[in-house]
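Residue strings, one per chain:
2 protein chains.
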Amino acid sequence: MRISQLASETAVPVATIKYYLREGLLHEGQLTSATQAAYNNSHVRRLRLIRALVGGAGLSIAATRELLDGVDSPPESGHDLLGIAHHALAPPLASSVDTAVVDELMAEWGWDPQAVDQDGKAAVAEALEGLRAVDFDFPEGLLSVYASAMYSVAAAEIDGVPTESAESAVRYVVLGTVLVEPLLLALRRLAQQSASLERFGARPLE
Amino acid sequence: MRISQLASETAVPVATIKYYLREGLLHEGQLTSATQAAYNNSHVRRLRLIRALVGGAGLSIAATRELLDGVDSPPESGHDLLGIAHHALAPPLASSVDTAVVDELMAEWGWDPQAVDQDGKAAVAEALEGLRAVDFDFPEGLLSVYASAMYSVAAAEIDGVPTESAESAVRYVVLGTVLVEPLLLALRRLAQQSASLERFGARPLE
Numbered sequence: 014m015r016i017s018q019l020a021s022e023t024a025v026p027v028a029t030i031k032y033y034l035r036e037g038l039l040h041e042g043q044l045t046s047a048t049q050a051a052y053n054n055s056h057v058r059r060l061r062l063i064r065a066l067v068g069g070a071g072l073s074i075a076a077t078r079e080l081l082d083g084v085d086s087p088p089e090s091g092h093d094l095l096g097i098a099h100h101a102l103a104p105p106l107a108s109s110v111d112t113a114v115v116d117e118l119m120a121e122w123g124w125d126p127q128a129v130d131q132d133g134k135a136a137v138a139e140a141l142e143g144l145r146a147v148d149f150d151f152p153e154g155l156l157s158v159y160a161s162a163m164y165s166v167a168a169a170e171i172d173g174v175p176t177e178s179a180e181s182a183v184r185y186v187v188l189g190t191v192l193v194e195p196l197l198l199a200l201r202r203l204a205q206q207s208a209s210l211e212r213f214g215a216r217p218l219e
Numbered sequence: 014m015r016i017s018q019l020a021s022e023t024a025v026p027v028a029t030i031k032y033y034l035r036e037g038l039l040h041e042g043q044l045t046s047a048t049q050a051a052y053n054n055s056h057v058r059r060l061r062l063i064r065a066l067v068g069g070a071g072l073s074i075a076a077t078r079e080l081l082d083g084v085d086s087p088p089e090s091g092h093d094l095l096g097i098a099h100h101a102l103a104p105p106l107a108s109s110v111d112t113a114v115v116d117e118l119m120a121e122w123g124w125d126p127q128a129v130d131q132d133g134k135a136a137v138a139e140a141l142e143g144l145r146a147v148d149f150d151f152p153e154g155l156l157s158v159y160a161s162a163m164y165s166v167a168a169a170e171i172d173g174v175p176t177e178s179a180e181s182a183v184r185y186v187v188l189g190t191v192l193v194e195p196l197l198l199a200l201r202r203l204a205q206q207s208a209s210l211e212r213f214g215a216r217p218l219e
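Residue numbers (my numbering), protein chains in the order written: chain A, 14 to 219; chain B, 14 to 219.
Only chain A is shown next, with the shape it has when bound in the complex:
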């Protein structure tokens, strides 16, 4: 198909497709003349993936490129896939962040500190620091509830990683990591509203 058909098939404007081609996110079509190229279903699939990452998940072009490189050249171990996805998705961190508190918490929760990377620990430490900086007091036991809820989520997710091909595993891990985040946060808010109505009803606070 021509680029105009690719555009209408995917609802991505021609100018945007050309931008992705220039940035190397989308592979070139088959040249049919000096100025025209033919595109196929592999371009449709790839464009939908790019739109999901850039539009759906709001990733930068650089992070999207890093993830697509992971899709194109998957590592050998499923565990390393996570490393690629997490690295591409990790926000820049304060280099000074002290992760000792996270080691202590992981020991308390029985998580193996050897299994996790420094960036992952730093992200938790930074989130805790953000709460500490505004003197947020965790109610007794809440942090452990968070840990066990997230472990049950993660265990079910990892359990579901498809193994029929490296590509399907990369796709699942990358999309599952990025696109499930807004789902979990939206579910948390819905659940808060449910739980809050149960606790407070329409009663005044004081």
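Check the hints yourself; a few may be wrong.
What the hints assert, rightly or not - Pair by pair, the computed Cβ-Cβ distance ranges are:
hint : chain 1 : residue 1 : chain 2 : residue 2 : range
1    : B       : E22       : A       : D150      : 20 to 26 Å
2    : B       : T176      : A       : S73       : 39 to 45 Å
3    : A       : D116      : B       : S46       : 49 to 55 Å
4    : A       : G68       : B       : E36       : 39 to 45 Å
5    : A       : A113      : B       : A28       : 30 to 36 Å
6    : A       : E89       : B       : A28       : 18 to 24 Å
7    : A       : T176      : B       : E36       : 48 to 54 Å
8    : A       : N54       : B       : P175      : 55 to 61 Å
9    : B       : V114      : A       : R58       : 35 to 41 Å
10   : A       : E121      : B       : P175      : 22 to 28 Å
11   : B       : R145      : A       : H40       : 22 to 28 Å
What the hints assert, rightly or not - These stretches of chain A come out as covered by chain B in the derived footprint (C-beta under 8 Å, 3 or more residues):
hint : region
12   : 19-33
13   : 47-57
14   : 128-137
To be verified - Examples of chain A residues toward chain B, derived with CB under 10 Å:
hint : residue
15   : H40
16   : F151
17   : A160
18   : T190
Hints were generated in silico from the structure; no laboratory data involved.
Every residue gets a Cβ at the ideal spot worked out from N, C-alpha and C, and that includes glycine.
Knowing the structure of chain A, use the given hints to seat chain B on it.
What follows is chain B alone, placed relative to chain A:
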């Protein structure tokens, strides 16, 4: 204290403090002359809160103002506090999103559909739509795991809402909603790494 002391006390530059004053996020100090004002601990606390929301949680000035209005004029019911926090924090949604699927899921999970607002349901529907758009297949049962994990998180959080004053409740709800999000996502990634090493070790994928 003078504005320069306020700046060094909070590590917020004077120019930024003046910006927050102009934007009405920070209340004016007590004028001591035509060009000078005196600030006190209420300004220190407020500045730390603003920094937590703008810097820590990455909120826009408009969303920060909406949240601070909630702190300054808290509603009567704890349930309504959540409405304010969630509204200020909700990303703009596609108005066309169909929430019927969320009603069905909530019925399946036993959540009261009357307890939640339309924005909350739309956020879940939009997140699901983002996954569907890239043909993400949920492994059997994963969505229910998400729902029950998030409900256990939310129930513990709502249980911990302090009730000694409306202000402390607002503070807890607003900060807890915003600043705990990166913590939960970071914990999920750590837990994924833990669970993944357990499942895959260093074995190749195929």
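Hints and how they fare:
1. B:E22 / A:D150: 20 to 26 Å: Holds: the Cβ-Cβ distance is about 22 Å, inside 20 to 26 Å.
2. B:T176 / A:S73: 39 to 45 Å: holds (42 Å)
3. A:D116 / B:S46: 49 to 55 Å: At 53 Å between Cβs, range holds.
4. A:G68 / B:E36: 39 to 45 Å: Since A:G68 and B:E36 have Cβ atoms about 31 Å apart, the given range 39 to 45 Å is violated.
5. A:A113 / B:A28: 30 to 36 Å: holds (35 Å)
6. A:E89 / B:A28: 18 to 24 Å: violated (52 Å)
7. A:T176 / B:E36: 48 to 54 Å: holds (53 Å)
8. A:N54 / B:P175: 55 to 61 Å: holds (56 Å)
9. B:V114 / A:R58: 35 to 41 Å: Distance hint for B:V114, A:R58 is violated at roughly 24 Å.
10. A:E121 / B:P175: 22 to 28 Å: holds (24 Å)
11. B:R145 / A:H40: 22 to 28 Å: holds (25 Å)
12. 19-33: violated (count 0)
13. 47-57: With 0 residues close enough to chain B, the hint is violated.
14. 128-137: Since three or more residues must qualify, the claim that chain B covers the region 128-137 of chain A holds, with 7 doing so at under 8 Å.
15. H40: violated (18 Å)
16. F151: holds (8 Å)
17. A160: Since chain B brings a Cβ to about 6 Å from A:A160, closer than 10 Å, the hint holds.
18. T190: With a minimum Cβ separation of about 7 Å from chain B (threshold 10 Å), the hint on A:T190 holds.
Of the numbered hints listed earlier, those contradicted by the structure are 4, 6, 9, 12, 13, 15.
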